[in-house]
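As given, the protein sequences belong to chains A and B, one line each in that order. Numbered according to our numbering, the first sequence spans residues 1 to 785. Numbered according to our numbering, the second sequence spans residues 1001 to 1291.
Zero decoy hints are in this set.
Derived DMTMM-like pairs (lysine to aspartate or glutamate); straight-line CA-CA distance at most 20 Å: (1) B:K1192 x A:E706; (2) B:K1192 x A:D762; (3) B:K1249 x A:E640; (4) A:K683 x B:D1259; (5) A:K589 x A:D479; (6) A:K305 x A:E197; (7) A:K683 x B:E1190.
Think of the hints as simulated: they come from the structure by calculation, not from any bench. From a predicted model like this one, the values you see are computed outputs, not experimental measurements.
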Amino acid sequence: MGPEQSGSTKPVGGVGASPAMLDAEDKVTGRTVYLADIEMEGMAHARVLRSPFPHARIVSIDASEARAHPGVVCVLTRDEVLADPEIDPYFGYVMRDAPVLALDKVRHQGDIVAVVVAEDETTAGEALEMVDVEYEELPAVIDAVEAMAEGAPIVHEEMKPIAWDMKPIYGSNIAHHATLMRGDIERGFAESDYIFEDSYSVPPVQHCALELHGVIANYTEDGITVWTNCQSPYPLRKELERMYKRKVRVIVPFVGGGFGSKSRDRIEATTVAAAKLAGRPVRLLLNQEETFQTFIRPALTCTTKTGVKADGTIVARHHKFVSDVGGYGISGPRNANNTLKIATGPYRIPHVLVDCYAVYTNKPPSAPYRGLPTTQHTMAYESQMDRMAKTLGIDPVEMRLKNFLREGDVHVPGDLLRSVHADECLEKVVEAIGYKNRKSGPGADGKLHGKGLSCTIKYTITPPVPTAATQAEVVLRDDGLFEALVGTVNMGQGSDTILAQITAEALGVNLDLIRVTHSDTDVTPEDNGTTASRGTFHSGNAVLDAANKVRTNLAAIGSQLLEVEQSQVQVTSQGVGVSGEPGRNIGFKELVQRHGEPVAEKGACVVGGLYTDETGRQYPITSTFWSFASAAAEVEVSPETGEIRIVKMAAAANLGKAINPRSAKAQLEGGIAMDMGPTLFEKLVWDDSGQLLNTHLMDYPLPSMELVPEYAPILVEHPLEGAPFGAKGIGEVGTVITPAAIVNAVYDATGILFHELPLTPDVVLAALENPPQENPPVRPKATQA
Amino acid sequence: MRRFEYIKPTSVQEAVKFLADHPDEAMVMAGGTALVVMIDQGVLRPDYVVDLGGLSDLQGQDSSNETLHLGALTTVRTLERDPQIKERFGVLAEAASQVASVRIRNVATIGGTVSYGEPQTDIPAALIALNATATVVGTEGSRDVAVEDFFLGPYETVLEPGEIVTRVGVPAPSPRTGGCHMKFTIGSPENKPVANASVVLRLDSSGRCEEARIVMGAVGPIPLLATKAAAILKGEVLNETAFAAAAAKAAEESDPVDDLRGPAWYKRRIIRVLVERGLTWALSRAAAQSQ
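When you get a sec, could you build the whole thing from the sequences and use the hints?
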């Protein structure tokens, strides 16, 4: 860490402070420029013609009338795309199966069939209706479990895996099947006193970011420029350069929320093709219905079979899950696969088998949702945990404490766990919610009262070989300010502020001397994407590295200019001075002037690689850091209407170190508020013919402020070695732990354990009046005897 | 959004003439909160939008007489906040306060919400419970229609092409009258309801029920007047047992369908709960009036 800091004072707004977000004032006063605010000379406007059918072969497209419509610039159909030898029309990061627009058939209702470009959006909309498409309808498959059955309609006749770890089952809809094994699962079950087996399912939902998807593309002979609100600009650049064989620049302005729905691109390549045909910049902004058809959180169905000892020790777990990929495997199969190692929870389980199926259906492509499908797994294993505890007569807190992973455990070969403290997270929420003294069941007010817990383990995306996954640059400019150039997309999560705080702390200067430039592939260094709670750790480490180098350079330059030993030089907010001699100081502006050029340094965060165990065997490291968190919920349930009111929620996460405690707490609060929706009422509904019934937010309720309960966000800080000031990510665990805590609180209140979300009041009331029977545990030893 | 021609008439006569001349191509706009969304979604495709906003004949409230006269452009927010309306026509103010969000209530109008004919909205239920009348003007002149008779089916009303609602009249409730409006939503309170109910009870001097009006929204093709449930209460001493019986009967009279806001059986259960709770509140308010 940097040069000697003796005599320097703690910078204002550094690590551990909670300054207001740097972008807050511009946002609340409306000055922030979002994608839809960008106007360009000669910009034309696009609208997309979308398939009315979930599965159909395109027989013919006649766009002649649309092309002749006054104000129409051009119409992009498969004919133009296939006729252009410069375009490779397929993209995707796991399966390369998503076309710029439908080339042979459509694979979900709302699939992209044609693009009309016109002088204005209204004219484009008019011309859409003039495009004549003849379809030959095909049988569709909407449910992922049905899609696995023999004889189900096949969504992709040809599988196109491009990721090294994808294992499709050819001739089926199974895009990826993978297993994770540890120990001997059969022996584990045989040694168990009880075996519990339960199925759970979670329906598809959408992220409902405030800002909808949008793109502006400009195609010139010199290269392509794309403005987008995609969360992963650098992988997008690479993919577009491959597809269009041109140099590409991707610029991501401030983004109004992503939550994973923008983690990958869907309409970017399409807009580039439209811009190429139009010969001028083209803007495409989606509406709410189209956003529902662009990326969704997939439906997930799972069966969890767990063997336990009578004392509550978990011995074996077989977790089989089916995750819906939708019509295109842009990232869905990878998202499912990435949860293999966390699907059985933050517990020491000697015998494990996880079966992952990622399955194509005729629905929109799936995307991660603030924590991959970790949320869905957590709901399964945590509600089963409470059922096991209740059946065995063990306190749910004790049962979790007995089984938790601990510091130094090897969770999966290659993954030595550090900065765990799952127990502390649990104990904190147990105390905050008053779990131990709870009075469960009917109260004097006629309502049913209960409290519930949940705990989770979450990983972050990590490459299989050592990679400088994120880079950054810190520059002292001639105006005397430090500029941090980062790839992290600012989507409201506070990344600019956090990274500026880290930079300020490393340099030893006040926050107001730092400005941040983000996510422009021609200007800011490479980053693998603002996903998987990566920003603080990865960009944080990269700016820390760069800032430390700048500080060393400043000391060296100061040593020359001040004519003292480098060890005598100190960097403060006033500039570079001599330790113990307040009069001898050179301001930063003057320093750059006298030095003759800006002081610039690049930094990197290198992650991934192999872990060698004691026997010499090597394994790829799964995760650069592991997150542990717990939640507790207090609910009241109305036996008259089935309504659930969340009275209070507590959430505790071990985030290593809070760079900005206020911002970190807001992440937990936001996560709770966000996932209350899918827990209680959000659900995208496709009817049997594959038509989406929620086409507007009027038909898709979202949590509003009135529903947000009193909450207690708790930061547990156990710094992680190798992390910037010890900080891990915190962006996603809030959502991940919310549903299970609520489901368990309702279980505590009503005695009914719900296996399916959402818990709408009709579902709750029906169960209260006709309680479902739980599968009784099996006793393997008794059977043998 | 699809293109249309925007027409801004300067008088009611000009407006209804234009509408009568373009029966299939023109749509009326007051606050625009429903119309604009439906045009944006492509559900409605008018060639002309006739904006009634600013027509002075459609504005203003007069509560100086027995009957409250409300210009069709009176906003839902005014219904919610006007002190006179709150005091004398509490059910209407209570219903208004539960419509969508403040942003919507600031621009949505009473004329618009009645003419729209959506079976879920709160205001028509309250107006029926209060025996309100809508004044309808067309090229041939004007007529008064009881709001109770105004709705024919979902989004279908007695309005003929070229007719608009110009005002709504609400007779002052007699003494010893109390009412209540209740709405039940899933998710945010701003959402469209699973069911809603407007209830008005009038007591006689002995405290028995002289008249009950129970109106149920979102549980049928139009806001439904639960006449059999009301008949159970008429002439009776009102208590929990009577309310439970009336609420059960009202639920029988409802006619809900399965949709994204819940299955029909559940809506029936909720309307029973709302009617029972509404009656209990209405009685306590009527009793307070009697003192």
